[in-house]
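4 protein chains.
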Amino acid sequence: MSDTFTELAANLASIAKSFHARGWLLGTSGNLSAVVQREPLRLAMSPSGIDKGELTPDQLLSIDDNARIVSRHSGKPSDESLLHIRIVKDRGAGAVLHTHSIWNTILSDLYASEGGVTIEGYEMLKGLQGVQTHDHSEWLPIIENSQDMAALAEVVGKTLNEHKEAHGFLLQRHGLYSWGDSLAQAKRHIEILEFLLETMGRTSFIKRKHAI
Amino acid sequence: MSDTFTELAANLASIAKSFHARGWLLGTSGNLSAVVQREPLRLAMSPSGIDKGELTPDQLLSIDDNARIVSRHSGKPSDESLLHIRIVKDRGAGAVLHTHSIWNTILSDLYASEGGVTIEGYEMLKGLQGVQTHDHSEWLPIIENSQDMAALAEVVGKTLNEHKEAHGFLLQRHGLYSWGDSLAQAKRHIEILEFLLETMGRTSFIKRKHAI
Amino acid sequence: MSDTFTELAANLASIAKSFHARGWLLGTSGNLSAVVQREPLRLAMSPSGIDKGELTPDQLLSIDDNARIVSRHSGKPSDESLLHIRIVKDRGAGAVLHTHSIWNTILSDLYASEGGVTIEGYEMLKGLQGVQTHDHSEWLPIIENSQDMAALAEVVGKTLNEHKEAHGFLLQRHGLYSWGDSLAQAKRHIEILEFLLETMGRTSFIKRKHAI
Amino acid sequence: MSDTFTELAANLASIAKSFHARGWLLGTSGNLSAVVQREPLRLAMSPSGIDKGELTPDQLLSIDDNARIVSRHSGKPSDESLLHIRIVKDRGAGAVLHTHSIWNTILSDLYASEGGVTIEGYEMLKGLQGVQTHDHSEWLPIIENSQDMAALAEVVGKTLNEHKEAHGFLLQRHGLYSWGDSLAQAKRHIEILEFLLETMGRTSFIKRKHAI
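Chains as they are written, first to last, in our numbering: chain A, 206 to 417; chain B, 206 to 417; chain C, 206 to 417; chain D, 206 to 417.
Don't take every hint at face value.
Because identical chains share one entry, a pair is satisfied inside a single copy or across any pair of copies.
Stated by the list, open to error - Derived pair list, reagent style DSSO-like, types lysine-lysine, alpha-carbon separation capped at 30 Å:
{"#": "1", "residue 1": "331", "residue 2": "281"}
{"#": "2", "residue 1": "369", "residue 2": "294"}
{"#": "3", "residue 1": "294", "residue 2": "222"}
{"#": "4", "residue 1": "363", "residue 2": "281"}
Keep in mind that the hints were calculated from the coordinates and are not lab data.
Isolated chain A, as found in the complex (with noise of 0.2 Å):
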């Protein structure tokens, strides 16, 4: 493995312990990848079933863009590498990582019918890239849920393709999904979208913007 892998990996086992003691990655939910060369693609990928709590560097996977293993190492890559490598085709993005919150899942379906929320006028916003004031709204596009990992790649490139600003989006009943040109900045992608998605679920509880 590179050096370019091993540091990688290290970072990303870093970050799944930080985010499962959140409870962002509770019950092997969720996946993480970063990008060590892009000619020919090489994304170090994290495994399948693997209790994030315990990830090690050596758990990693490098796998090539059809999502096949390149290395030594055994294991199954996640079930779905194949978003994981359409968004950092199609976004030029570093790094990808995708959670499981309670909030981001309580959003995504509170907002499904809307095909997306809108996140406005929080200075947590200037911490996306390119953003330069809380003066700014971001859509963050709910995409439905599906088993099948190829029909669901070409649904979030087409997503992907027509908002073109998004620093993420969500799948319905599922989970969040960010990405970084780097890993340090997809993690603070993450962070700041997770805490977007609660404090705007814990103000319509307040605002009982949702009631029924």
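Fit chains B, C and D to the supplied structure of chain A, relying on the hints for placement.
Chains B, C and D only, in chain A's frame:
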């Protein structure tokens, strides 16, 4: 003690610490077990009345299928050992975990009159053994609480028989039981069910499903 | 310092750290004590104005039954030492713990006009010393807050006398007191009462018991 | 670097880690400073765009009263350094801390139309410097958010002058500022104000004060 017992005891203590930190085993509540051997049955069982945040591997007890201690350890096995044994026998489980979380307590009460709670449509359900899609409906039976453990074990056995697909059950105003082929699978099941119960509970706040 | 003091001080510091992490002792709030000897009374008492997440065993003070320091330690014992001493004398307690959690603050306010809060029907109640079944009704008295510690100690004494079965009490918009024969039992009682107060508070959100 | 700077930098990094764990500094948000010397003013200031959970003491920057770096360190001081400097000057503060918590964000929005939020009657208020009783009324002004830091520093100065008793203020949909004579006191003030804002926010859920 066998190597198996020693390894399971270390893993049980580690899970106890992690769940106590999340507030799922406060005040010495909850209990944990894992199968050491099947013929005759030997179970590594958490002792009664011990702070789960401080549980050490040497405090785990080896019990037989009548919940009698069979090792040289002193201590008293959990009062609910008979429930663990019943689950191990009826489900062929390799490990059983029982948590007292705030959300499982609340939902075990809110849904008691319906006899159980349906969890459906969440991606997280895929983490339950044998579930292949989010388009799954999990029925979590709710059993009336009792201090008569022999009688309660009978009701648990009857419930397990009537709901052969269930991955867990709730005791009303008491807590959650889940299990798995292995201890890692049982831990995964608890994390998933706790996540989903909290998600449903918080969603019902917004939707006021339970308003009176 | 005696071996007993040294051991209790270490355990008090450890509990302080754990409770501070849970948000029950923020901003130097709360206080902790344990009986070193009874005749004459010597109490290991937390100092006033110290960050409980940073409390070290050597900061614990030895005080007598008038809340005067009897060791060579410098520092000022907690303002509420007189309440601890009263509880130790009237209940024969071996340890007293006082937490400021968000949920005990909320419920101490919501139920103040009723003079206390009834907690009943929860399995968790069994963790309170002497309680044998979930079918138990615990009355947690609520006392009006005051800055006159001598006067407040009198009210506490009167309340303890009127509610001989109570395992704790609330000071309105202030916090929770509980105690135990040992420090481990006092910690168990706090964890249980905090759990139950949060459970009741969250349930009342759903049921809107307190809606105005 | 002076011994003072070195010690303050270590304490600032430790507080950053602790607050990040509580979710008050997610996504590189928030900033922290402490006075190293007054004449001329030297402030140990957190850098811009750094993960506060990973902040190391050597990343702290020494700045002057124009927010210019005066040490050999590379890096960029926080955009909000001018607000810190203004608070240090106008309040004579020894340390300034700024957090982005979910609850301070929510309340800064809900109470914005009232120009501030009154916190009164809580024992926790006694932890604010100079407050002797729970029977105290704290007015926490809410200032409209802005990206023009020079202009915002002016508004902050005006607000501090108009509300000489205030121990902190909120920026709308942005966060909380508090300070203290020492870093320990500033940390205490933040913990107290965060606790009280969350307590009030959760109470208003029950009482539906803000229902629309």
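Results for each hint:
In this assembly of identical chains, residue 331 and residue 281 lie within 30 Å of each other by CA distance solely across copies; the values are 16 Å between and 37 Å within a copy. When the C-alpha separation of residue 369 and residue 294 is checked against a cutoff of 30 Å, the pair qualifies only within one copy, where the shortest distance is 13 Å, while the shortest distance between copies is 45 Å. In this assembly of identical chains, residue 294 and residue 222 lie within 30 Å of each other by CA distance solely inside one copy; the values are 27 Å within and 34 Å between copies. Taking the closest pair of Cα atoms, residue 363 and residue 281 come within 30 Å of each other only inside a single copy of the chain (27 Å); across copies the shortest separation is 38 Å, beyond that limit.
No hint from the list above goes unmet by this structure.
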